[in-house]
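J.: Full structure from sequences and hints, please.
In this text, residue positions in the sequence shown follow my numbering: the first is 157, and each later residue adds one.
Read the hints as simulated data drawn from the structure, not as lab findings. Among the clues, some could well be false.
Distance condition first, Cα-Cα at most 30 Å in a straight line; then the derived DSSO-like pairs of lysine-lysine [stated by the list, open to error]: (1) K186 - K201; (2) K274 - K309; (3) K385 - K406; (4) K280 - K176; (5) K176 - K274; (6) K380 - K309; (7) K406 - K376; (8) K186 - K176.
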Amino acid sequence: MARQKGQVAATDAVETLTTKSFLFQGLEAKDLLNGLDPSVLVVEKLYSNRPVYTAFRPQTWLEHLYVVVEGGPVIMRSTPLDRVMAMTYPGACFGMRNLPVGFGPVVRAFPSLVEAYKTTDVIKVPVAVVQSLYDQHEAFRDRYSLLFELREKFQYHLLNCSTYPPQAVAALLRALIYQERSLGSQPSQGSSTSYCFDLPIDLIARACQLNHRTVEQVLKGLTKAGYIKTSKTAESANDQVQVVDPEGLKEVYGATRDKVSWWPLK
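T.: In C-alpha cells form, the structure reads like this:
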C-alpha cells in the first residue's frame with residue numbers, strides 16, 4: 157500500500173496536535189518536546205480504500221497512535237458481515253486499543269480492518285511518547301481513557317440498530333452525536349444544536365446493516381420530518397448530513413414499529 161509520508165518539524169506537529177486534537181489539546185509544548193527527537197512525529201496522508209492496519213491481531217501491537225487532523229472518516233470494518241464498527245473524524249484518534257498503553261492490553265477483539273474511507277491527514281505519535289504522557293499527566297490519562305469509553309458506547313448504540321430502518325439510522329446518528337459532543341468537536345460553530353457529519357450512504361448502510369435504497373428513504377423521511385438536512389440525491393455527490401434536531405431524534409431512536417408516522421412500511 158503506497159501512502160505519502162512526510163516528516164515535519166516537531167514544533168509544527170506539536171502545535172497541530174495541541175490545537176486540533178482532543179487528546180493533546182492544552183498540553184504545553186515542553187511536555188511533548190522534552191527529549192523528543194524532532195523526526196518521530198510524522199504527518200501522513202492515508203488514501204481511501206487502502207488498509208491502514210488490521211486491528212486486534214494476536215500478540216501484535218502498533219508502534220504509533222494515529223491522530224486525525226483533516227479529512228476522513230477513518231473506519232473499522234468487521235468480517236465476515238463487513239459491518240462498520242467505528243468511525244473516527246478530525247479531532248479524534250484511533251489505534252489506542254492496539255497500543256500496550258492504558259486499557260490496551262485488556263480491550264481486545266477479533267481481527268478487524270482499519271481503513272480511511274476518504275483521504276485523511278494524520279499525525280503518528282510513537283507509543284513511547286503516548287506512554288510517557290499517560291504516566292505523567294492526569295488530564296492526558298483521563299482523556300485517553302475516555303477514548304476507550306467512547307468506542308464501547310459507539311458499539312453499544314450499534315447494538316440498538318434494530319431491523320426497523322428509522323430506528324437503525326437514528327441509532328447511528330445518536331452514536332455520532334454522543335461521540336462528537338464528548339470530544340468537544342461539535343456542535344457546529346455558531347450553533348448550539350446542529351451537528352454535521354461527512355456520512356456517505358454506503359457507511360450508513362454498512363453500519364446499520366440496511367440496503368442503500370432503504371437508507372435513502374429513511375434520510376428523506378428524516379429530512380421531511382425536520383430532524384436533519386441533507387443534499388443526498390441520485391445526482392448529488394455531497395455526503396454531508398446535518399442533524400438540526402438532535403433532541404427530537406431521540407424519539408426516533410427509541411421508536412418501535414408503527415410509531416414513526418413518516419415511515420410508510422410497517
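J.: Give a verdict on every hint.
T.: Verification of the hints:
Straight-line distance between C-alpha atoms of K186 and K201 comes to about 26 Å, which keeps the hinted pair within the 30 Å bound. At roughly 24 Å between alpha-carbon atoms, K274 and K309 fall within 30 Å of each other, so this suggested pair holds. Annotation: proposed proximity of K385 to K406 holds, straight-line Cα distance about 16 Å (limit 30 Å). Annotation: proposed proximity of K280 to K176 holds, straight-line Cα distance about 14 Å (limit 30 Å).
For the given pair, K176 sits about 19 Å from K274 by alpha-carbon distance, which is consistent with the 30 Å threshold. Distance hint between K380 and K309 is fulfilled; the C-alpha atoms sit about 29 Å from each other, no more than 30 Å. In summary, the hint linking K406 to K376 is supported, as the alpha carbons are separated by about 18 Å, within the 30 Å threshold. The suggested pairing of K186 with K176 holds, with an alpha-carbon distance near 17 Å, which does not exceed 30 Å.
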